[in-house]
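Asks: Sequence:
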Amino acid sequence: MKLLKLEDLTVEQKIGQLLIARSIAKEDDRNFAMELIKNHALGGVQAFVGPGIKEKVIDPVLAAAEYPIFIAADMERGFQLGEQKIPGNLAIGAMDDPELAYIFAKVTAIQAKKIGYNMIWSPVVDLAPMDAICRIPRCLGSDKRRVTELACAYIKAFADCGIIGSAKHYPSTFDRIEDTHMCEAVSYHTKEELLDICLYPYFEMMDRLGEDM
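Residue 68 in my numbering is what sits at position 16 of the sequence shown, and the numbering runs on without skipping anything.
Simulated from the structure, these hints should not be mistaken for laboratory data.
Everything numeric in this text was worked out from a predicted model, so none of it was measured.
Each hint should be verified, as a subset may be incorrect.
[Unchecked claim] Derived pair list, reagent style DSS-like, types lysine-lysine, alpha-carbon separation capped at 30 Å:
hint, residue 1, residue 2
1, Lys166, Lys78
2, Lys220, Lys78
3, Lys166, Lys106
4, Lys54, Lys158
5, Lys196, Lys220
6, Lys165, Lys57
7, Lys66, Lys54
8, Lys208, Lys220
9, Lys166, Lys54
10, Lys166, Lys137
11, Lys137, Lys208
12, Lys137, Lys196
13, Lys66, Lys220
14, Lys158, Lys108
15, Lys166, Lys57
16, Lys196, Lys243
17, Lys108, Lys166
[To be verified] What follows is a list of derived Cβ distance ranges for each label pair:
hint, residue 1, residue 2, range
18, Leu152, Met53, 33 to 41 Å
19, Lys90, Ile249, 44 to 52 Å
20, Glu236, Asn91, 29 to 37 Å
21, His221, Glu59, 32 to 40 Å
22, Val238, Glu79, 36 to 44 Å
23, Lys78, Glu151, 37 to 45 Å
24, Leu61, Gln136, 36 to 44 Å
25, Ala237, Glu64, 25 to 33 Å
26, Lys57, Asp259, 26 to 34 Å
27, Ala115, Met234, 31 to 39 Å
28, Lys90, Gly168, 16 to 24 Å
29, Ala116, Asp148, 38 to 46 Å
30, Glu151, Met53, 33 to 41 Å
31, Asp148, Leu61, 44 to 52 Å
Backbone N, C-alpha and C define an ideal beta-carbon position, used for all residues, glycine too.
Work out the full structure, taking the sequences as your base and the hints as a guide.
Replies: Structure, rendered in structure tokens:
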């Protein structure tokens, strides 16, 4: 394992290091990603949590990479292959207890790290819209300060376990009813509303957590 020096990389390699391959479960995708990894031209891979993912994706990627590489996945509901099951974000938000949020996140991180993950795409800091059913279960709540407190607990737990957390993912769509998996999001908020409401958790977490964010 070696650290790559920016000045030694080609343009292709530099661009590749900024990217995480979405999924390499299929053989053709996996072969292409492996070539990029061998050429030091890929920053990481998304490894969907599921049976056999360690043997099929994580272990081969780590074996092929001569440099530190991200192994990432969504874990909004905890590590689904783990023995300890984690409640969804809506339930954790209803508990309104940062200490419990920290414990749930730490359990997730410990289980994920055990099989090779080093990045978790969580916590969700979208503010729960009152009428957008598609996203409410994924949110910690509608109050920006409460969501921020719980999300900070998540990120701290991940960092304490050597895992990179990533707050996400739809700033400014809290009052939209469209499902952004199905269409482009459109925001009609003013700059002041964006800064004061939608982006509040992100700025607050950056101020509190610095590089861990």
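Asks: Does each hint hold? Answer for all of them.
Replies: Going down the list of hints, with the structure as the test:
no.	hint	result
1	Lys166 - Lys78	24 Å, holds
2	Lys220 - Lys78	27 Å, holds
3	Lys166 - Lys106	10 Å, holds
4	Lys54 - Lys158	28 Å, holds
5	Lys196 - Lys220	14 Å, holds
6	Lys165 - Lys57	26 Å, holds
7	Lys66 - Lys54	16 Å, holds
8	Lys208 - Lys220	15 Å, holds
9	Lys166 - Lys54	22 Å, holds
10	Lys166 - Lys137	16 Å, holds
11	Lys137 - Lys208	20 Å, holds
12	Lys137 - Lys196	26 Å, holds
13	Lys66 - Lys220	24 Å, holds
14	Lys158 - Lys108	25 Å, holds
15	Lys166 - Lys57	28 Å, holds
16	Lys196 - Lys243	17 Å, holds
17	Lys108 - Lys166	16 Å, holds
18	Leu152 - Met53: 33 to 41 Å	36 Å, holds
19	Lys90 - Ile249: 44 to 52 Å	45 Å, holds
20	Glu236 - Asn91: 29 to 37 Å	34 Å, holds
21	His221 - Glu59: 32 to 40 Å	33 Å, holds
22	Val238 - Glu79: 36 to 44 Å	38 Å, holds
23	Lys78 - Glu151: 37 to 45 Å	42 Å, holds
24	Leu61 - Gln136: 36 to 44 Å	40 Å, holds
25	Ala237 - Glu64: 25 to 33 Å	31 Å, holds
26	Lys57 - Asp259: 26 to 34 Å	31 Å, holds
27	Ala115 - Met234: 31 to 39 Å	38 Å, holds
28	Lys90 - Gly168: 16 to 24 Å	18 Å, holds
29	Ala116 - Asp148: 38 to 46 Å	44 Å, holds
30	Glu151 - Met53: 33 to 41 Å	36 Å, holds
31	Asp148 - Leu61: 44 to 52 Å	46 Å, holds
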